[in-house]
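A.B. asks: The primary structure of each chain is shown beneath.
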Amino acid sequence: MLYVAGVDVGSTQAKAVVLDDEGRMVGEAILDVEMNMGTAAQQVFEKVVANANLTPDEIAFTVATGYGRYRVTFGDLQVTEISCHARGATAEFPRTRTVLDIGGQDTKAIRIGEAGEVVDFAMNDKCAAGTGRFLGAASFALELPLSELGPLALKATAPVKITTTCTVFAESEIIGHLAKGHRPEDVLAGMHYSIATRCASLVRRVGLTPEITFTGGVSRNAAMVSLLHKVLDTPLNVSAQGHFMGAIGAALYALDHARAGTRHAAALAEEVAP
Amino acid sequence: MALEIETSLTEILARCHELSLRQRIPDDEAGMAIGYFPVYFPEEIVHAAGLRPHALYGGGNHIEVRYADARIGSFVCSICRSTTELGLNGSLKGLGGFFAQPICDAAKHMAGIWGRNFPQQDPQILALPQNVNSPASARYVYDEYQRLRGILAEKVGHEITDEAIRASVRVYNENRRLQRALYAIKRDDPARLSTVEAYLLIRAGTRLRREEHNELLRAALRLLPERRVRQMDKPRVIFLGGFCEQPPLEMIETIEDVCFIVDDDLLIGQRWITEDVPEEGDPVWALAESYIERSAASPVQYDARKRKEDVLMRMLHEAHAEATIISAAKFCEPGLDDQLAQSRWLDQQDIPYLVLEFEEKMTSFEQMAMQVETFAESLLFE
Amino acid sequence: MTTGILVAGIDIGSTYTKAVLLGTSRGVRATAIRRSGYKPAAAASAVFDDLVANAMVAKEEVTYIATTGYGRYMVPFRHAQITELTCHAVATGHHFPAVRTILDIGGQDIKAIRIDGMGRVRAFRLNDKCAAGTGAFLEKTARYLGLETGDIGAYALRSRKPVEISSVCAVFAESEVINHLASGVVPEDIMEGAIVALGGRAVQLMKRVGLEPDFALAGGMTNNPAMVAALESRLGAPLHLPPNGLGQLNGAFGAALLGLRRVERLLADGRAIMPPSGEDEFKALRWSTYVAQSASPAISA
Amino acid sequence: MAQAHVANPAPTVDARTAGQRLVNQWLAHVHTAHERGQPVAYIFVMGNAVEILRSFGFELVFPEINSLQTGVRKMAPDFLAKAEDYGFSPDVCSYVKADVGLMLSDMQHPSGTRIPKPDIAIASSLCNVYIKWAEIWERHFGTPAFVLDIPGKRFATWRPLPGTAQYDADTRWVEGQLRDLIAQCERITGTKFDPDRLAEVESNVNEMIRLWVEILQLNQRRPAPYNSMLDGLTYIGVLNAWRGTPEGVEYMRLLRDEVAGKLARGEGRVAEERFRLIFSGTPCYVNMRRLVELFESHGGVFAASDYLTYAAGGLDSSGLFYDPSRPLESLAEVTTLASQLGLSNHFFSHQTLAQQVKEYGADGIVYHGIKSCRTVATSMADNREYVTSRYGLPTLYIESDLIDPRYWSDAQIKNRVDAFFEVLEQRALVKGGD
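The listed protein sequences correspond, in order, to chains A, B, C and D.
Be aware that the first sequence starts at 1, since it is given in our numbering, and climbs by one per residue.
Be aware that the second sequence starts at 1, since it is given in our numbering, and climbs by one per residue.
Be aware that the third sequence starts at 1, since it is given in our numbering, and climbs by one per residue.
Be aware that the fourth sequence starts at 1, since it is given in our numbering, and climbs by one per residue.
Just chain A, same shape as in the assembly (with noise of 0.2 Å):
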């Protein structure tokens, strides 16, 4: 049997999964990245594969992706999370035409052509405003893990218009609002709607040509994935593995690879790879 590997090394998490040569998903591993990305993409390398019932050995093409990609030091070749998003995204619903990737600190969206392959991408890395770290913002202000906020967000009733574009910002502009006695959900809900228009805003970058297929940590958001599709009128795909769709698509590259031969992806590692 034939093992893959796709390492996705973010600045806040590092994910991997390995694939058999279906490409059907036989193991998982996700963890925080503390101090360094390389030891980081190595352990969960090692958790994955543990989870998996396998040895590294038996993995036989591995692809890195993420801002940490070049920290992978034992990956095959490294591909952008743009290719690797869309590539997953694709896979899963075929007749995607837009990714929408919002991440933990940069937001892109892939438009994608006929055949699968990327045609323009959009990202937001400059400022954190429109990130899933404006979520994380309001995670610290009102002292609620992450995966709470989208359920208490939808039971808004009166959502507070959030002015501050800054992420440091919000955290007071929320305080200040709890202040004047607006309720949390509310706050929430104001949260999620100033980063779907900005999410929405660099989807239209790209060209809103349904279907859009919704990846990246904040697809298990239900409040973003509502708002979203009120804000672009259209309904988003959302996977289950949403948060792993970068490292699926990793490993879908791998496995392109391990089926033309090793051989000759080592060698178009070598070409692609400065």
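Bear in mind the hints are in silico, worked out from the structure with no lab data behind them.
Check before you lean on any hint, since a few could be wrong.
[What the hints assert, rightly or not] Derived lysine to aspartate or glutamate pairs resembling EDC-like cross-links, with alpha carbons at most 20 Å apart:
(1) C:207 with D:85
(2) A:161 with B:64
(3) D:192 with D:180
(4) D:262 with D:296
(5) C:39 with A:186
(6) C:207 with D:296
(7) C:207 with D:78
(8) A:230 with B:64
(9) D:414 with C:176
(10) A:230 with A:186
(11) D:82 with B:347
(12) D:82 with C:212
(13) B:330 with D:84
(14) C:39 with A:143
(15) A:161 with B:366
(16) D:74 with C:164
(17) B:330 with D:85
[Said to hold, decoys possible] Per the computed footprint, the stretches of chain D lying under chain B, defined by three or more beta-carbons under 8 Å from a beta-carbon of chain B, are:
(18) 90 to 98
(19) 188 to 198
(20) 322 to 330
From the three backbone atoms N, C-alpha and C, an ideal C-beta is built for every residue, glycine too.
Starting from the known structure of chain A, fit chains B, C and D onto it as the hints suggest.
C.D. replies: Just chains B, C and D, lined up with the frame of chain A:
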């Protein structure tokens, strides 16, 4: 009696206020409305063609930007962004023409943006010259205004006569006289007419037929002398920075809570000719020559005869102001450059000033209030 | 104890509410401090209770109450409200008549103030657009390094080779911090690097108001010895710090001082000190709020 | 056309060395101008009427080049900090701020040149910041600004044709201003205007235009002999500083021969040219070498750039020539037309870009948005949206600054460039599979 006057004024102002928020072109003006981006624009020629000049003063803090962020760089002023948004969200669908003027580098791009997105509106640049000190300047403005006249004549399908333009000049001269009367009240008796009120009265002119606006101003000017006034001890200041992108009403109110604004450059595009335009002779020449000889100074006009420091000195002197609030719209390069030149000059003259930055879309004014209050405290408690 | 005039200054900040009670001799009679919490008015009231209790006087004995800080309008029992800039200026001028430039680094903004010999504000500048130029930047960095805000200074003082932090966004500065940690930089060098970066921004703001010596530091950063050292080295001159732990109380002290001056002026003019009305003054019709009523831009969420 | 030129088999000096020498020589002239009693003109690269100044013997200072050189020499942060300390907003053009930094540094430029103060300063309206910049000189040096208003395109398809009322109005206006400028030059230099001298300068410019257009066109062939955003930047530096001179003509000839020679020998700029790209916007001078490296590591070369059009002054790639028999009239005509056809097209640049894509066989367009330059960058995103959807071309949008290194984020730019090449590869694969 006093109550009746106040009620009548409030009614007029409420109407003005409603007009100032109107962004969508009314159906009965569709195709007739000629949009133009600030600052200097010869509305008279549009008026004479029987069309409706539609001043584009941005979206204020009441529209939500959904589409324009994808089209405009993050380092561009809000008025360009919100105007593009109004185009993309359909509010300006009824425009029968669009003019941008080369007042600044961002404004020049508006014609390109419009050309790519709304080619059917025949977007154009009206090439207002940045050199007004050449003997050839007036002739060039004249040629360009004639080009405008030709474009508009083609739109309406008939020639725009000199007589029609002269009639429009008369209407606009009357309008300018009425505006100057408002400003005189604001200067001489600032408690009688607040700057927000004067602002709303003048801004209404961007959404009304000029004749109707004249009537409205006359009505207000009849009521104002009778109004009961509560005198207050506030410092007299000049406000600069509102020549193109408009500060939110809240900002002006925040300043007026603690200061009298006795002169300003708000909506200068509605007041850009400072005296009467000659009503005899070639009316297009009269307009062109008025741009050269009788136009208000702003950061987007270079004129060797109007040093920015001198203009400010004259304003301070004529309005008997003791201090200046020099504002600039975020990312407005001409405004930011002049703001610095003026503040350094004020430093030398030892005239108190406050520097503020604004965006039309801002909604939070607490920080600004704190600054303005501190400034007023420093002026009052010497 | 009923000795002459008592004036209270209350500074309602976003995090803490602080109060100072002054007597006729301008001596501090008592101080009090509490977290502002979600209800600033209640906090102000509670702090005032603490203040009179600490001074062992009755509330009625307090002649005049001046408020400052972001919650200055939220206190119904005030006689007057004054902005924190004016208050910081007058307090600093009182303590250090030679000071001409004051720096106040807060969590939400930095302020640079130029004052004259009487403690009057001549010019001021604020940086409040981006968190990278505020105290929040240090708190973020500290949080990432697992430090308490109060420990920042002592920790950073251990640094021998501060790193350069160039990011313009406080959030992205975090990635820089991660990178530095990953490449083996010790945390104290990162903390000190953040302090140096913030100090640089602060001094730049001071230049905007003329950078005339003497210099003084106000606000919470007075407790951070590393920040003080970084600023002094950047300025090439010493910083005056508020005496006797009054750093945090500087705003309240200034409010009380201005209140006292006002009382003295009123008494000299033979005018009565009216009790606070508890009501806000009549304000003219605000067209901006009129907008909000008629055309509320409701969030379509 | 290119085949017609046989490369010089043994050039005594290569274009790079010649260019470097000329730049140094120019800086030395500038340095000693006032000692030698030469008047000094401050001018910008777009719309500068350099021919008239040259005919009066002015030494030319290009403050834009001074500013970008602070970036190239990694000294920009010092100069920018001085200007910001003085009170300039971070949002103001960083060229302006670097120049203010220079004024506050006693005009001591990092190149070692002490920049003399201007006797005349000309700001064209092609960039409005030029005018605000000239106002700063007015205040600082007391030198009055001469604003040369050059009317640009009025709409995207604007074609001003000789004989039309509009053409006459525009050229008459520019000519009138040029006459004002001549009068002012006469006052400053105390010499009379010499139309023959102007004609001579114009003949030199004509020859330079002829060669420049040829050089640009040579890069339409494969593999591209030079990278327009690295080599090209050096070319236009020399070209601006020596425009209208015999030395300039000589340099262009040397350059043309060299480029043609490379082409004849099949020497491309990159070893294996995989993708040909168009660069739109102004360079990030601090990191241009790094940026080009990122692209070249993937086999991508910038075959053309709209920057080489508008930053080459009136040397428009559409090949407008002076008629030295009517030197002044023809200067007005070419200045106006070059501005309308070449320089002001960053406001309507989607057409130029589309044309360049066709001519240069480009695989995509790279847009570089400048944080503080609204002249070039205001509508870039809209332009990109149009070009992408209308022509179906892969495009990349990156953002940094002219010379302010604070706005360069290496990891983010690398991520985008990597992804862009993945797009190009995938596209090639899909196309190849059709």
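A.B. asks: Hints the structure violates: just list their numbers, smallest first.
C.D. replies: Hints 6, 19 and 20 contradicted; others consistent.
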